[in-house]
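From first to last, the protein sequence lines stand for chains Z and A.
The numbers in my numbering rise by one with no breaks, and the one at position 2 of the first sequence is 2.
The numbers in my numbering rise by one with no breaks, and the one at position 57 of the second sequence is 57.
Hints may contain errors.
[What the hints assert, rightly or not] For each label pair, taking beta carbons as the anchor points, the in silico distance ranges come out as: (1) Z:Asn25 / A:Asp100: 18 to 26 Å; (2) Z:Ala66 / A:Thr112: 44 to 52 Å; (3) Z:Glu58 / A:Lys80: 41 to 49 Å.
Worth flagging that the hints you see were computed from the coordinates, not collected in a lab.
Since we're looking at a predicted model, the values are computed, not measured.
C-beta: ideal position from N, C-alpha, C; glycine also.
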Amino acid sequence: LAKTTQPISMDSYEGQEVNITCSHNNIATNDYITWYQQFPSQGPRFIIQGYKTKVTNEVASLFIPADRKSSTLSLPRVSLSDTAVYYCLVEGSNNDMRFGAGTRLTVKP
Amino acid sequence: SQTIHQWPATLVQPVGSPLSLECTVEGTSNPNLYWYRQAAGRGLQLLFYSVGIGQISSEVPQNLSASRPQDRQFILSSKKLLLSDSGFYLCAWRPLAGGDHEQFFGPGTRLTVL
Chain Z
1 LAKTTQPISM
11 DSYEGQEVNI
21 TCSHNNIATN
31 DYITWYQQFP
41 SQGPRFIIQG
51 YKTKVTNEVA
61 SLFIPADRKS
71 STLSLPRVSL
81 SDTAVYYCLV
91 EGSNNDMRFG
101 AGTRLTVKP
Chain A
1 SQTIHQWPAT
11 LVQPVGSPLS
21 LECTVEGTSN
31 PNLYWYRQAA
41 GRGLQLLFYS
51 VGIGQISSEV
61 PQNLSASRPQ
71 DRQFILSSKK
81 LLLSDSGFYL
91 CAWRPLAGGD
101 HEQFFGPGTR
111 LTVL
């Protein structure tokens with residue numbers, strides 16, 4: 001089961017691109033990588049998911065190198081409302097999952 | 001559309017008292033259900049999951065238990081609460097297990113044990 005490591009916190013300014021990297025050195029062949037966003041006193045919300053290479057949706061991009069030992073969540077042009085905690089999850093089959101400790105992103109005006 | 005409910009939203013209980021938190025899902029059948037705990041300022045800890053009625057898997061040994069009496073109902077219980085049980089409890093569901101299926105989280109229950 002891959003252990004996930006992410007930075008505890010990050011600061012950014014409105015309009016900047018933010019990249020949050022998650023390390024998962026022991027990722028298994030069947031594992032997927034998922035990122036969630038959580039606001040205070042709310043349940044996490046799905047952002048993006050990928051297996052390899054690059055995935056992009058309307059809110060973020062996920063970059064996964066060929067060795068899959070890390071992944072980077074990219075948030076383009078962040079706003080104040082993107083201030084939240086971001087969790088990296090590595091998971092295979094049969095509910096064997098491990099969340100990272102979360103990265104607290106603070107976006108400043 | 002599918003929705004997930006948790007109650008109560010907040011709860012303050014004395015040490016040694018029992019606990020019952022309820023989670024229900026609407027708009028789907030035979031979901032995979034999950035209970036998580038989040039201590040103050042900490043990450044998500046998976047406590048229990050269920051793939052079907054009466055089927056419970058425990059991830060962390062503790063004084064908590066879970067039950068699934070109906071297809072879309074998941075209950076978290078304790079006979080005697082500890083101070084360390086304080087936290088934010090989240091229920092989640094998804095149609096199938098596996099890393100390629102996102103989880104949908106409920107609004108959570110804030111539990112304070114005094």
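Hint-by-hint comparison with the structure:
For the hinted restraint 18 to 26 Å between Asn25 of chain Z and Asp100 of chain A, the CB-CB distance of approximately 21 Å keeps it satisfied. About 47 Å separates the C-beta atoms of Ala66 of chain Z and Thr112 of chain A, a value consistent with the hinted range of 44 to 52 Å. A hinted range of 41 to 49 Å holds for the C-beta pair Glu58 of chain Z and Lys80 of chain A, which are about 47 Å apart.
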